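Novice: Sequence lines, in order, name chains A and B. Just so we're aligned, residue 1 is where the first sequence starts under this note's numbering, counting upward by one. Just so we're aligned, residue 1 is where the second sequence starts under this note's numbering, counting upward by one.
Derived from the structure by calculation, the hints contain no laboratory data. This one's a predicted model, so the numbers in the text were calculated from it and none came from an experiment. Just so you know, not all the hints are guaranteed correct.
DSSO-like mimics (lysine-lysine), calculated; alpha carbons at most 27 Å apart, straight line [as the list claims (entries may be wrong)]:
| # | chain 1 | residue 1 | chain 2 | residue 2 |
| --- | --- | --- | --- | --- |
| 1 | A | Lys285 | B | Lys10 |
| 2 | A | Lys287 | B | Lys136 |
| 3 | A | Lys285 | B | Lys32 |
| 4 | B | Lys32 | B | Lys194 |
| 5 | B | Lys21 | B | Lys10 |
| 6 | B | Lys21 | A | Lys285 |
| 7 | A | Lys285 | B | Lys73 |
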Amino acid sequence: MAVSPTEAPVESPGVDQNGLLVVENLKKYFPITRGIIFQREIAAVKAVDGVSFSVRQGETLGVVGESGCGKSTMARCIMRLLDPTAGRITFDGRDITNLSRAEMRPFRRELMMIFQDPYASLNPRKRVGFIVSEALEVHNMGTEAENKRRVQELLDVVGLNPEHYNRFPHEFSGGQRQRIGIARALAVNPKLIVCDEPVSALDVSVQAQILNLLKDLQSTFGLTYVFIAHDLNVVRHISDRVMVMYLGHGVEIAPKSKLYTAPKHPYTGALLSAVPVPDPDARGKKKVVLEGDVPNPINPPSACWFHPRCPRFQEGHCDVETPPLYSFSEGQFAACHYPLEGWPLTEDEMRRPSSGPVS
Amino acid sequence: MALLEVRDLKTHFRTDDGIVKAVDGVSFSVEKGKTLGIVGESGSGKSVTCLSIMGLNPKRNTISSGEAIFNGKNLLTMGSNELREIRGNDLAMIFQDPMTSLNPVHRIGHQLVEAVQLHRDVSKKQARARALDLLKAVGIPRAERRIDDYPHQFSGGMRQRVMIAMALVNDPDLLIADEPTTALDVTTQAQILKLMTTLQHEVDSAIIMITHDLGVIAEIADDVVVMYAARVAEQGPVDALFKHPQHPYTWGLLGSLPRLDADVERLVQIQGQPPSLLNPPRGCRFHPRCPYVMNICTTEEPRLMPAGDHRDHLQACHLDQATKDREAAKLLAGTMAEAS
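Work out the full structure, taking the sequences as your base and the hints as a guide.
Specialist: Okay, structure coming up:
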């Protein structure tokens, strides 16, 4: 189970080495141990198991997947809040995979994160001014007076009243707290912000406010986002490219125009067809309803990770040979031997691949 | 005669800060075999409406008025013994959070058998057989073995299935589902919605579906109630509501949804926050956030009136019909144009 962190990353398709953030063959295994003194490793949860992608300057990469597919673990690895088991993370041309805490510190200014839960991610005992300016102080950026002005400016930018400087988080609603979280991430002028489900705890009307705000900030400050969400509508709205994750793997990555109109991986197809469309006329359309649950990442299925739930599973191929990321049209990659021929497909067409396996 | 007829339901809570009018004059009816969807943001009173119908609000400090006529009897004035006979039998509820609504220290089978034996004079063996049938019906694999599992051994989607099995165990006439799929992934949500509609057709029960997801509403509801700040903003048949929305709040909800079938540069956003129900705004409750606000909106509360000549499509807004038709058409044209 031990994968040495020095293992050379495999050349991965679709990864632009000049991207602001380049992630190659990233793996994160959580060991399950037994024994008190001599902890033997008996198994490992393969939370992220070989994910590769790159994000260009100024771009938004959306990451979607069901709970437990490794989205958040991946985000934490990129932020170096968790140490990856294997793989390489390159940020702005520098390998940050194995940097120590001290070496990592200058990068923390350029790499920020917005968290999912606006109630748990703000310290309830600190005032808003402190929460937002803490990063400025840590990085010794400016005097106290300058920082105060900067924080008030930031509060204004994210649509809060600068007078809220001295308030506590509990005085704010969920949407406002998320704005505080955004102000905190912006404080040190980062290049890349990793957003881990920033709107999933919010009501639709507030969600729209936050999504618009994130888009505005991106065009004003030239930010780059890695935007993680389980809501495909939200990801479509905000992203330029989208990666679909399943069981710790990136199963499809494509520009959003391709992913939503011509998905190749059956899992992407199933996800798209499962999203309820706010239009009563769409009701007649047959959905592809996946059976069962996501398998246990301690003991993932052989070969293609999706084969036990896949509507177009071919015995003797999908459960034997692991599909590589095949290249389709410009910038679209999917790990499937029997990719979807078109979209939308009927349930029957989903079940019957019309052509042989791709080679 | 409708299966459930709710008239002018009000539920107020006495708190230290004053009276919170959580539900303030809501009326609707549900026909046998039909699905009513209730949409609204957090705190709009959708859950409290249903808890009031079920008689599950705490007795202390709660003031309820109005009527909820179910099968000819008023649920709100019913004694607790009589209510207990109906609840879980003719009237069942599925709660939002499948993680906390099952008892963690009892086996799944035991909890289902208990629900059957409370309302039916059957032996334990028969009750268990019924429980097993239901678990199979909701699609629990290897139900014979899993019936003796504890809730923690089930995943979120499976627990929600168990909740549905428990609600359906006595073939209820009316099933109230309070955000049954909010905590679940889209693929699991699709499984659960499909299951609920299939079972509805088999048992011919009515469903009240509470959700904040207009997509779910469009998918399964026959009629819709849009709630805002404890009142009904708009209600009507699902087609009318999505094709001819009449209330600026409904427009805001529809416009703020990022869509799978259309690229929109900017989402329509409803400014500000929902109001506090301790001290709701005067006049129309939506006026502080409404982009179409007029003088009359700040002083006079709009009554729920038929939209044009559609008697079953009601809306509470002072705007004139021509403006409404124009704005609704504009909103829908926006999403349609981008969809094609």
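Novice: Run every hint past the structure and note whether it holds.
Specialist: Okay, the hints, checked on the actual structure:
Taken as a hint, the A:Lys285 and B:Lys10 pair is broken in the structure, with Cα atoms around 39 Å apart against an allowance of 27 Å. The straight-line distance between the Cα atoms of A:Lys287 and B:Lys136 is roughly 22 Å, inside the 27 Å bound, and the hint therefore holds. A hinted pair counts as satisfied when its Cα atoms are at most 27 Å apart, and A:Lys285 with B:Lys32 qualifies at roughly 25 Å. A C-alpha spacing of about 19 Å is found between B:Lys32 and B:Lys194, which places the hinted pair at or below 27 Å, so the restraint holds.
In summary, the hint linking B:Lys21 to B:Lys10 is supported, as the alpha carbons are separated by about 8 Å, within the 27 Å threshold. Between B:Lys21 and A:Lys285 the alpha-carbon distance is near 41 Å, which puts this suggested pair outside the 27 Å criterion. A hinted pair counts as satisfied when its Cα atoms are at most 27 Å apart, and A:Lys285 with B:Lys73 does not qualify at roughly 39 Å.
Hint compliance for this structure: hints 1, 6, 7 are not met, and every other hint is.
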